[in-house]
Amino acid sequence: MVRVYVNGVSVDVPQDAPVIEAVEKAGYRVPLLCYLEGLFDEATCRVCVVVVNGRVVPACRFPVSEGAKVLTDSPELTRYRRLNFELLLSTHRLRCWSCSRKSRCRLVELSRDFGVEGIPVCAECPLVGEDCLVAKGLPCLGPLTVAGCSAECTRQGLPCTGCRGFVSDPGVWEDAMRELYGKYGVEREDLEEAMKFFWRSVPERLRRTLSGVEGG
Amino acid sequence: MRPPAAPGRLIYGSKGFRIRVPLSSCTLAAGAEEVYRAALRAVEELGLDAEVYRVGCTGLCFMDPWVELAKEGLPPTIYANVRPDQVPRIVEDYSRGDLRGAAALRFRIEGFEGGPPALEELDFWRLQTRYVSRNCGLVDPESLEDYVETGGYSGLRKALSMSREEVIEAVKASGLRGRGGAGFPTWLKWRVAYEQRSDVKYVICNGDEGDPGAFMNRLLAESDPHRVLEGLIIAGYATGATRGIIFVRAEKPLMADRLERAVEAARRCGLLGKDILGSGFDFDVEVYRSAGAFVCGEETALIAAIEGRSRPRQRPPYPAVKGLWDEPTVVNNVETLAHVATIFQAGIEEFAKYGTERSRGTKMFCVTGAVRRTGVYEVPIGTRIKTLVFDIAGGPPEGRKIKAVQIGGPSGGCIPAELFDLELDYESLQSYGAIMGSGGLVVIDDGSCMVDVARYFTGFTLAESCGKCLPCRVGMKQLSEILERIASGEGSVEDIELAQELGESIAKTSLCALGGTAPNPILSTLRYFRQEYVEHVVNRRCPAKVCSKLVKYVIDPYLCKGCGLCAKACPASAISGSPGRVYQIDESLCAKCGQCLVACPFGAVRKV
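First to last, the protein sequences are chains U and S. Numbering-wise, my numbering comes out as the position in the first sequence, counting from 1, plus 521. Numbering-wise, my numbering comes out as the position in the second sequence, counting from 1, plus 156.
Among the hints, a few may not be true.
[Claimed, not checked] A few chain U residues facing chain S, derived, Cβ under 7 angstroms:
| id | residue |
| --- | --- |
| 1 | Arg567 |
| 2 | Arg582 |
| 3 | Leu608 |
| 4 | Leu610 |
| 5 | His613 |
| 6 | Gly639 |
These are computed hints drawn from the structure, not numbers from a lab. We treat Cβ as the ideally placed atom computed from N, Cα and C, and that holds for glycine.
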């Protein structure tokens, strides 16, 4: 056993255990993403970074040593984690409406933790398959709207009216038009009517992208 | 080379007349093969009793291809930039004692006055300290005998007479640090590996060398392969390893071939195999040809490449504890190992004479780009950048001004000309945002745009990123897109700030040294040349007139004679006019290729 100091709290952990073990034992939390205990410890997502003796290292993989001083939070660390998470999100297609993980998704949880906006309301909406409001032909704006409201409206069976603003990724808009609205025959006019409620009209940026998309 | 250091037979050969022709990758590219054949023919036709002798390269690239003629009674004389058709004349003149057209003498001899200057009298040679590169261009790289004659393998003999701890202590006393880039103390790696309890240990010579603009390892291994091998055997002895591996890129076939021949020759002479030199130490070496990737310069990725999957992994455990096939493994750079051999041959005192307090010895630097004398130069660590770039490499070509130097390849950073008083050592370079790296110096003059330089290197590391960890894989892509935007005049001030923030984050959180250093070019150019970035995004203008989307070609109506050559040269048919009248460029059609600029005999086409 070696003694490690996590944010000043001393804990004893086995030699060469990953830092995350000491952090959890000391009662702190570090966001984890790619790490699956016993299955995957390649430390590739770099979201769990902490500072050990002045060096930025991944908590899931870096082994502890005697007297190591671990810092789990600082403005820099938050920035690094957030940036890395945003980089990951930038490569994700975010077709949450057709994803089977939905609310059990780490990305959604982390985006809430980091305050990173960009995931559509569908990620938080429990309605899938036949229950999906869009599948019923309703002009629900969930696929275009920023999540974070726990999808309170759609849970009640009310189509999303977009009160949280639209997601910024044009790729998401295109996919939504093609795969969702187009497929279930939601009329473009109805959608634009729904958008008027909070967005007053179809936002210009959205319009430019949507005009290039078939269907909807 | 001072006369006493080179024994007479080595210089003049057994026949008393030796014609040296360098045959290594770089000189072969410059046409040394034809020069070699021309020399053979000339000797035969003139009926001379001379020997045409293959050597490695001296690193004086600006002289390639060169020949050196050495006849007893005459000073050994170097002829630069030789064409094959000049060879018979040179050989004939020289054999009669006429040194016309020679570039330099290797050294002066008594009883022969005049002639061209001796190397010792020329700045580019005098200011160098040829320590590990002492044999480069002097001996036949494929001859074990010649290497032994220059003191070769005496270092191994000496090391084998000492205990393993003593060898490690000697390396510690010398103060040798890794020449591959990070400057990790060599003895410490050896000590850690030595202390591991394991029947199987490996020592690996890292000859990957993937930086654009760095070729000192290739030069050293092609010109003096036995020195590298000797260092590797000593490293194997010190750490208690039984197997050595020399990791070379398959795209450097001559380097691999020469190392392989050196290994075979050493094996035949009992310098490898069982019971080396009667010491009871068993050791063998194999040359591993890798498919080659920039990331393989990183030691964990190099080890993984030998295992068959070249991706780095998180350290610790360090390779010295758990490396190749999970056994303790020491990975040393080619130049480090050559230093080890030389230290044991020539003694610690000579090595420790050079360098600074914290970094002892010498280092080979490749100086390329906007200088008069490109080449590989070995100087003591702590030499000022100014000395290397201006005094040794000769400064910028006529009419140019040096703006910065990119040190350490794509992982290094730019040092602006104002800081050329800086001493080249590991710590001071790091504190200014560059790294020693393998020692490539790309000199950048005022004709280059720093945004474009950063874009080039970022593009390189992006392509070479293995894709394992997220910041390097996605972050470098984003960085390169930001630079692309800035270079095409579509960037914003926020883009500059985002690049800075992203670059710092990638450097801090990446898994291996590739990602850890990949943002260096962009961070250092942002640090020293921020104004150029600002010009690109605020005024939409490229001060150096390099970024093609931001430059315009115009024809000066006062200078244009109406000859029409520009219109003929234009591949986009963007230039119109009739003979005798002033021609005009249609900007909407112009592809910004610059052909018209080259074609105009009156200098009427200008970039604005």
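Hints, one by one, checked against the model:
Because the smallest distance between the Cβ of Arg567(U) and any Cβ of chain S comes to about 4 angstroms, under 7 angstroms, the interface hint for this residue holds. Checking Arg582(U) against chain S: minimum C-beta separation of about 5 angstroms stays under 7 angstroms; hint holds. The beta carbon of Leu608(U) is positioned within 7 angstroms of a beta carbon in chain S (closest approach about 4 angstroms), and the interface hint is therefore held. Hint status for Leu610(U): violated, given a least beta-carbon distance of 10 angstroms to chain S, over 7 angstroms.
Annotation: interface hint on His613(U) violated; nearest CB of chain S at approximately 10 angstroms, more than 7 angstroms. Nearest Cβ of chain S to the Cβ of Gly639(U): about 14 angstroms, over the 7 angstroms cut. The hint is violated.
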